[in-house]
Amino acid sequence: MVNLVTAGRSAVALVVVVILAAAGGAPAGPAAPPGTLRIAYPQRVVSLDAHGPAAAERISIILGRHLYDTLVTWDPAAKKFQPALAERWRIVDPTTWEFQLRRGVRFHDGSEFTAAAVKTSLERVVALRGPLTPLFTPVTAVETPDSYRVVIRTQGPMGTLLSNLTMLYIVPAGTPPTPAFAERPVGTGPFRFVEFVRDTRVVLEANPAYWQRGIPKLQRLVFVDIPELSARVTALETGEIDMTVQLTPEEIKRLRGNAQIKIEIGPTYYTRFLWINPTRKPFDHPKVRQALRHALNIPAITSSLLAGIAKPARGPIAANVLCAVEFPLHGFNTPLARKLLAEAGYPGGFETELKWNDALPKEREVADAITGQLALVGIRVKNTLQPRAIWLDDLLKLNWDLNLLGTGAVTGDADYTLGRLYHSRARRTGYANPEVDRLLEQAAATVDLDRRCELYRRVQEILWTDGPAVFLFEALESYAYRTRVQGFKLPPSEIFTLSEVSVTP
Amino acid sequence: MGTYLLRRLLAATLVVWGVLTAIFLVVRVIPGDPAAVLLGTFATPDLVAEQRAKMGLDRPLAVQYLLFLRQAVAGDWGRSYHEGRQAFAMVVERLPATLELAAAAIALTTVVSFVLGSAAARRVQTPVDRAIGVFSLVGQAVPNFWLGLVLIIVFARMLHWLPSFGRGTVWHLVLPTITLSVQLIGVMTRLVRAGLLETLGQEFVRTARAKGLAEPAVLVRHVYRNMLIPVVTMLGLQLGALLGGVVVLETVFAWPGLGRLIVTAINNRDYPVVQAAVTFAALAVVALNLLVDLVYAYLDPRIRYT
Numbered sequence: 001m002v003n004l005v006t007a008g009r010s011a012v013a014l015v016v017v018v019i020l021a022a023a024g025g026a027p028a029g030p031a032a033p034p035g036t037l038r039i040a041y042p043q044r045v046v047s048l049d050a051h052g053p054a055a056a057e058r059i060s061i062i063l064g065r066h067l068y069d070t071l072v073t074w075d076p077a078a079k080k081f082q083p084a085l086a087e088r089w090r091i092v093d094p095t096t097w098e099f100q101l102r103r104g105v106r107f108h109d110g111s112e113f114t115a116a117a118v119k120t121s122l123e124r125v126v127a128l129r130g131p132l133t134p135l136f137t138p139v140t141a142v143e144t145p146d147s148y149r150v151v152i153r154t155q156g157p158m159g160t161l162l163s164n165l166t167m168l169y170i171v172p173a174g175t176p177p178t179p180a181f182a183e184r185p186v187g188t189g190p191f192r193f194v195e196f197v198r199d200t201r202v203v204l205e206a207n208p209a210y211w212q213r214g215i216p217k218l219q220r221l222v223f224v225d226i227p228e229l230s231a232r233v234t235a236l237e238t239g240e241i242d243m244t245v246q247l248t249p250e251e252i253k254r255l256r257g258n259a260q261i262k263i264e265i266g267p268t269y270y271t272r273f274l275w276i277n278p279t280r281k282p283f284d285h286p287k288v289r290q291a292l293r294h295a296l297n298i299p300a301i302t303s304s305l306l307a308g309i310a311k312p313a314r315g316p317i318a319a320n321v322l323c324a325v326e327f328p329l330h331g332f333n334t335p336l337a338r339k340l341l342a343e344a345g346y347p348g349g350f351e352t353e354l355k356w357n358d359a360l361p362k363e364r365e366v367a368d369a370i371t372g373q374l375a376l377v378g379i380r381v382k383n384t385l386q387p388r389a390i391w392l393d394d395l396l397k398l399n400w401d402l403n404l405l406g407t408g409a410v411t412g413d414a415d416y417t418l419g420r421l422y423h424s425r426a427r428r429t430g431y432a433n434p435e436v437d438r439l440l441e442q443a444a445a446t447v448d449l450d451r452r453c454e455l456y457r458r459v460q461e462i463l464w465t466d467g468p469a470v471f472l473f474e475a476l477e478s479y480a481y482r483t484r485v486q487g488f489k490l491p492p493s494e495i496f497t498l499s500e501v502s503v504t505p
Numbered sequence: 001m002g003t004y005l006l007r008r009l010l011a012a013t014l015v016v017w018g019v020l021t022a023i024f025l026v027v028r029v030i031p032g033d034p035a036a037v038l039l040g041t042f043a044t045p046d047l048v049a050e051q052r053a054k055m056g057l058d059r060p061l062a063v064q065y066l067l068f069l070r071q072a073v074a075g076d077w078g079r080s081y082h083e084g085r086q087a088f089a090m091v092v093e094r095l096p097a098t099l100e101l102a103a104a105a106i107a108l109t110t111v112v113s114f115v116l117g118s119a120a121a122r123r124v125q126t127p128v129d130r131a132i133g134v135f136s137l138v139g140q141a142v143p144n145f146w147l148g149l150v151l152i153i154v155f156a157r158m159l160h161w162l163p164s165f166g167r168g169t170v171w172h173l174v175l176p177t178i179t180l181s182v183q184l185i186g187v188m189t190r191l192v193r194a195g196l197l198e199t200l201g202q203e204f205v206r207t208a209r210a211k212g213l214a215e216p217a218v219l220v221r222h223v224y225r226n227m228l229i230p231v232v233t234m235l236g237l238q239l240g241a242l243l244g245g246v247v248v249l250e251t252v253f254a255w256p257g258l259g260r261l262i263v264t265a266i267n268n269r270d271y272p273v274v275q276a277a278v279t280f281a282a283l284a285v286v287a288l289n290l291l292v293d294l295v296y297a298y299l300d301p302r303i304r305y306t
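Line by line, the protein sequences are chains A and B.
Quick note: the first sequence uses the numbering used here, first residue 1, plus one each step.
Quick note: the second sequence uses the numbering used here, first residue 1, plus one each step.
Keep in mind that the hints are not guaranteed to be accurate.
[As the list claims (entries may be wrong)] Subject to a maximum C-alpha distance of 30 Å in a straight line, what follows is the list of computed BS3-like cross-link-like pairs (lysine-lysine):
{"#": "1", "chain 1": "A", "residue 1": "Lys79", "chain 2": "A", "residue 2": "Lys311"}
{"#": "2", "chain 1": "A", "residue 1": "Lys382", "chain 2": "A", "residue 2": "Lys397"}
{"#": "3", "chain 1": "A", "residue 1": "Lys119", "chain 2": "B", "residue 2": "Lys54"}
{"#": "4", "chain 1": "A", "residue 1": "Lys80", "chain 2": "A", "residue 2": "Lys217"}
{"#": "5", "chain 1": "B", "residue 1": "Lys54", "chain 2": "A", "residue 2": "Lys397"}
{"#": "6", "chain 1": "A", "residue 1": "Lys119", "chain 2": "A", "residue 2": "Lys281"}
Don't read these hints as lab results, they were simulated from the structure.
Because the structure is a prediction, the values reported are computed rather than measured.
All chains should be built: construct the whole structure from the sequences, respecting the hints.
In structure tokens form, the structure reads like this:
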């Protein structure tokens, strides 16, 4: 028996020693290799394919910006398109565009960038039948008169071609439309692919032969996968990562007290809204939709629940999006909302259901606030949280009364949101307004930017006052990074780049 | 033993077939359209319909089931809707991470619970016994995701002793292993204590001592060997559960194991991956049960399978 106790004691001692040794020997905040930036992005990386099913996910677009280049880019400050892989372009006739390509650019595998790569990329994005496919279906032919010239022919005049091309990542000529490419992606971008360990990390390294001088400044860029927000923030505090994004107001407040961490809040192309299904009673009545706009106290929600991560929306699309218009807020006015409901024949209000999923930060609190505020005018809301898969299924089948969601204008062009969501053909909200349809079609077929914006202005007016939505907030993006990160510039949208960022040891 | 093994294997095959069928049905019964999830809010109705056809989901359920069984027998679990890779390869790829965590947790649990259980059994009804009793109760009651966060805050955020997330060095293993083990230690300590108390009072222990056997030999050859059966059963069962993936913990510690794969796949309605992963976990449980039975026979010669 004595032996048993002694054995037990020695074992306890051993465990204690092991734990102490573990504690003492562990690195206190592992140092990063020089020139390496480690960033944790909230979204899981599914695939690095530039054109496949995951190509419209935010993380895919962000990673793509580092791996690939596009023909043109949009410069929100100068309000014009800038050359990238295309040096210049011209409109030959309303359905024919000609692009002159940059010479001497090489892909990461050493092959030369030529017109054939542009042709492959355009055909591949259509062949893969992914979410980006609709952007390029109006393209009827891609011709390559010589190695540095590309002619794109479209079905009709295509006003969005340049905007859409800012989303087309160029891959090497002859890349087949299969998922195999994603295992070893090749682009012309400032970084080249090193490794992708699923649910762990994506590692990129500097492309020393990048065609833009002085870029990138980092030697290595690591996207670390940490699904949990508090774990992400902890890793930032301990120095295990250098940067993260998409914090909650609480985390922002806490991190502001840390001298080693910098927080910046920037604009996005993202708008969150409450969709109203006008194919269902009583939402077919414009006055009911109008009543909803006045029943909600949006500034109260943004200043309390979403402080620092949203501001009240001033239109159907975010202010930075091409052709966006800013309208005055509808104004929180309970008596007016009640009056409008009474005029529509619902003096006692009605019962309805709000569907949402918790993919967005603070969505539960927002749904609760909306439910509470609508109750004040007699609208009794059943507040329904759905798993994303079920929510999407219901959303696309129009199986809902009210729906809480958000969308980004990925291309930075009004058409991407307005044309995609509010044309009656889209069957997204059930809203059908022949005038909106006509304006949207006209705008999409207009090559002149000012004229297009004029048409979108009228669409936005109609949607703002009569549309199937209460436009709630313009989302803001929060960036938290350690002070060793230098030269980060706030992007006009949530799609940032780290090509010009450097790190001190 | 041979016939016994054969019968057990036959039963195991039936269990696996049942699991295959159940999981096939379950993924299709839960609402949510895989094609819609794949394409996200960007999808147009035409693209969604096209995608459904590509996934073979436009076919009648019976046809889908037969195709699925035929493929499963051939060892083909289909390709992930989201990643386009072989579903089974994705499961196998995750296995080392989950096994590593499971093995570390089992090892820590075994050591600690034997030490604590023995100490408590030796000093029944003393403050030491009571303290260990309280510890094992609390250990069982603490939710492990909460414990995980507390450990991260203390050892990573405040003390900077250990990494807070990910897999890599042995240091990365420390916090998840402790988090995972605490509940198990609670259960096992009580089991070891009870087993020891029961065995120590038995006639054969006294006989062993009486015939002059040295105390360590008495403990190892007679006492521990005889109280191991319930302990091995519990360990076997727990290992099966661990292999199924420690879902919450793998999220808290960003541990790239089987549990996270399954959760992501269910959220994405990635049927092939769910089917492959769940069937694999079921296979592991069946195999472990078989193993546990064999270990019984080894430990206790009185157990005979006919």
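How the hints compare with the structure:
1. Proximity of A/Lys79 to A/Lys311 is assessed by CA-CA distance (about 23 Å); at most 30 Å being required, the pair is judged to hold.
2. For the proposed pair A/Lys382 and A/Lys397, the alpha carbon gap of about 19 Å is at most 30 Å, so the pair holds.
3. Distance hint between A/Lys119 and B/Lys54 is fulfilled; the C-alpha atoms sit about 25 Å from each other, no more than 30 Å.
4. Note on A/Lys80 and A/Lys217: the hinted pairing holds, with a Cα-Cα distance of about 26 Å set against a maximum of 30 Å.
5. Of the pairs offered as hints, the one joining B/Lys54 and A/Lys397 holds, with about 20 Å between alpha carbons and a cut-off of 30 Å not exceeded.
6. A threshold of 30 Å between alpha carbons decides the hint, and for A/Lys119 with A/Lys281 the separation of about 49 Å lies outside it, so the pair is violated.
Checked against the numbered hints given earlier, the structure breaks only hint 6 and satisfies all the rest.
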